[in-house]
Amino acid sequence: MSSFLKIILQNLIKGPSTEKYPFGDTFEPAGLRGKLRFNAEACIACGTCEHVCAGGAIRITEAEDCSGLNMVIWHNSCCYCGLCQFFCPTKAIRHTIDYHTAHKQEDKFNYAERGFIKTVPCSRCGKQIVPAAQELLEQAGNSSDEIKDLLSMCEKCRQKETVIRGALRNV
Amino acid sequence: MRNVMKNIVQKSPWIYRINAGSCNGCDVEMATAALIPRYDVERLGCKYCGSPKHADIVLISGPVTEVVKDKVLRVFNEIPYPKVVVAVGICPISGGVFRDSYAARNTLDSLIQVDVNVPGCPPRPQAIIDGIAKALEIWKTML
Chain Z
151 MSSFLKIILQ NLIKGPSTEK YPFGDTFEPA GLRGKLRFNA EACIACGTCE HVCAGGAIRI
211 TEAEDCSGLN MVIWHNSCCY CGLCQFFCPT KAIRHTIDYH TAHKQEDKFN YAERGFIKTV
271 PCSRCGKQIV PAAQELLEQA GNSSDEIKDL LSMCEKCRQK ETVIRGALRN V
Chain E
955 MRNVMKNIVQ KSPWIYRINA GSCNGCDVEM ATAALIPRYD VERLGCKYCG SPKHADIVLI
1015 SGPVTEVVKD KVLRVFNEIP YPKVVVAVGI CPISGGVFRD SYAARNTLDS LIQVDVNVPG
1075 CPPRPQAIID GIAKALEIWK TML
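So the sequence lines, in the order shown, correspond to chains Z and E. So in the numbering used here, the last one in the first sequence is 321, and the numbering has no gaps at all. So in the numbering used here, the last one in the second sequence is 1097, and the numbering has no gaps at all.
A few of these clues could be false.
One-sided and incomplete, this derived list gives chain E residues near chain Z with beta-carbon spacing under 10 angstroms [what the hints assert, rightly or not]:
#1 994
#2 1048
#3 1051
#4 1054
#5 1068
If you want a taste of the chain E side facing chain Z, the calculated C-beta under 8 angstroms gives, among others [unchecked claim]:
#6 956
#7 957
#8 988
#9 991
#10 997
#11 1044
#12 1077
#13 1080
#14 1085
The hints are simulated quantities; they were obtained by calculation from the structure and are not laboratory data. For glycine and all other residues, C-beta sits at the position ideal for the given N, C-alpha and C.
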């Protein structure tokens, strides 16, 4: 009897264990994988996230005026597995701890995270290329002027230029 | 009399749950939202019911597989009007990881009128409570 009273007293002091949500606050664990956030500045358009996405939520398509690439992450198909976040080399795509996903049917196809990756023309031939992000250069270590010069070129011009420079060095 | 009934009914919508081929992840979260004192969806006046004939709000989870499709529609048609449909999880909304599968060829909104979507794999109980709160608002306008 006394132990029972003790439990009653403890529970009275502790108060209800029900959270006040949706009328009040609730908690979010630190490692929660919520809605994705996309940083177009850091993206290098490698397409790894699109390739590994289990739910097919990520689409990278070329813009109509060829000035860049459109990135669309459809939250309604994202299974919050975290693969894109894991494989992203520049941490451009990240999970937030925002889990408030309920929305009405009319917003279904607009419920997406969008980004626009700008392309720049190659310094030699003028072909549109995705510029290397600052995050990528930081990972590569010290980037000399030579590397920065090479980065402004498209793939083919870079190959050609490297071969010429290598040959000149050996002469 | 009708107004009195309307006022009473607004305070206690009953929830019915249909599993349309779900992996049980969303179903566990739905049960969590109702049964665990921490979340307790019954604060909103809702109550899970066992019969479709008593239901007001329908929670549907799962990618609506070909095997279960006709059965889902049969149960759904037994639910009296007005009813609000909440699609829980990414499977009924877009097909999710099962999209383009030969076994799950329809999304839920191509078969029935869906009102609220709660994406997630599975969504958190709080997100489901959000969805039910949204469905409640819609349901009140339907009465």
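The hints, checked one at a time:
Below 10 angstroms, beta-carbon pairs count as interface contacts, and residue 994/E has one with chain Z at about 5 angstroms; its hint therefore holds. Residue-level restraint check for residue 1048/E holds (minimum Cβ-Cβ distance to chain Z is 4 angstroms; threshold 10 angstroms). Taking 10 angstroms as the C-beta contact cut-off toward chain Z, the hint placing residue 1051/E at the interface holds, the least distance being around 5 angstroms. Among the interface hints, the one on residue 1054/E holds; its C-beta lies about 8 angstroms from the nearest C-beta in chain Z, closer than the 10 angstroms criterion.
The beta carbon of residue 1068/E is positioned within 10 angstroms of a beta carbon in chain Z (closest approach about 5 angstroms), and the interface hint is therefore held. For the restraint placing residue 956/E at the interface with chain Z, the shortest Cβ-Cβ distance is roughly 28 angstroms, beyond the 8 angstroms limit, so the hint is violated. With 8 angstroms as the threshold, the beta carbon of residue 957/E stays out of range of chain Z, its nearest partner Cβ sitting at about 27 angstroms, so the hint is violated. With a least beta-carbon distance of about 12 angstroms to chain Z, the hint placing residue 988/E at the interface is violated under the 8 angstroms criterion.
The beta carbon of residue 991/E is positioned within 8 angstroms of a beta carbon in chain Z (closest approach about 5 angstroms), and the interface hint is therefore held. Restraint check, residue 997/E versus chain Z: the minimum CB separation of about 7 angstroms is within 8 angstroms; hint holds. Interface hint status for residue 1044/E: upheld, as the beta-carbon distance to the closest one in chain Z is roughly 6 angstroms, under 8 angstroms. At a threshold of 8 angstroms, the smallest CB-CB gap from residue 1077/E to chain Z is about 6 angstroms, leaving the interface hint in force.
Restraint check, residue 1080/E versus chain Z: the minimum CB separation of about 5 angstroms is within 8 angstroms; hint holds. Checking residue 1085/E against chain Z: minimum C-beta separation of about 4 angstroms stays under 8 angstroms; hint holds.
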